[in-house]
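With the numbering used here applied, the sequence shown corresponds to residues 1 to 161, in that order.
Hints are computed from structural coordinates only; laboratory data are not their basis.
Don't take every hint at face value.
To be verified - Taking lysine-lysine and the DSS-like style, the derived pairs with C-alpha atoms no more than 27 angstroms apart in a straight line are: (1) K43 to K123; (2) K123 to K46; (3) K128 to K46; (4) K128 to K43.
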Amino acid sequence: MERNYTFTGDFNPEAVAGVLSIEMILALIANGVVLVITIYQRKSWKQSSTIFFTSLILAHLVLTLYLPFSIAALAAGEWIIGSTDEEKKGTCDFNGFVILFSAYVMFMTLSLISIDCFLFIIKPHLHKGFMSPRVALVLVIIVWIVNAVFFSSGFINGSGM
1 MERNYTFTGD FNPEAVAGVL SIEMILALIA NGVVLVITIY QRKSWKQSST IFFTSLILAH
61 LVLTLYLPFS IAALAAGEWI IGSTDEEKKG TCDFNGFVIL FSAYVMFMTL SLISIDCFLF
121 IIKPHLHKGF MSPRVALVLV IIVWIVNAVF FSSGFINGSG M
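The task is simple: from the sequences and hints, build the whole structure.
Okay, here's the thing in structure tokens:
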């Protein structure tokens, strides 16, 4: 394979996999609790910041749910998901897509949160008139779609990630 991302250097892959496993479990618990609390707080859905933070939570959950595949590969020393080399390459590429997609959704959502805070503090009248929950939802949907299209372009021409 022309793009072999084998780990090299002085580190213990099993120890790193163990630390990532603990991080994954804690992230699942923390994000799950915060998401449930956010969903049941109906009053907070009238604020744009709640929409942005929910997007951030969901992107982090997607990233966390795909972390076990990377942990398994790290512990094994190679990508093990798939029975043939072609399947292994496909699942590895898809895992890379999900991780990059989720990370960039989080980055862009953090940018939206920054813009929201800026408008709220510096231009409160503009924030009140412009940044409604509907606008926030549209912006979040645009972020998710743009990232999905951008990162899936590698699969269209067959080059992977």
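Status of each hint after checking the structure:
A threshold of 27 angstroms between alpha carbons decides the hint, and for K43 with K123 the separation of about 24 angstroms falls inside it, so the pair holds. Between the alpha carbons of K123 and K46 the distance comes to roughly 19 angstroms, so the proposed pair stays at or under 27 angstroms and holds. A threshold of 27 angstroms between alpha carbons decides the hint, and for K128 with K46 the separation of about 12 angstroms falls inside it, so the pair holds. Of the pairs offered as hints, the one joining K128 and K43 holds, with about 17 angstroms between alpha carbons and a cut-off of 27 angstroms not exceeded.
When held up to the earlier numbered hints, the structure conflicts with none and fits them all.
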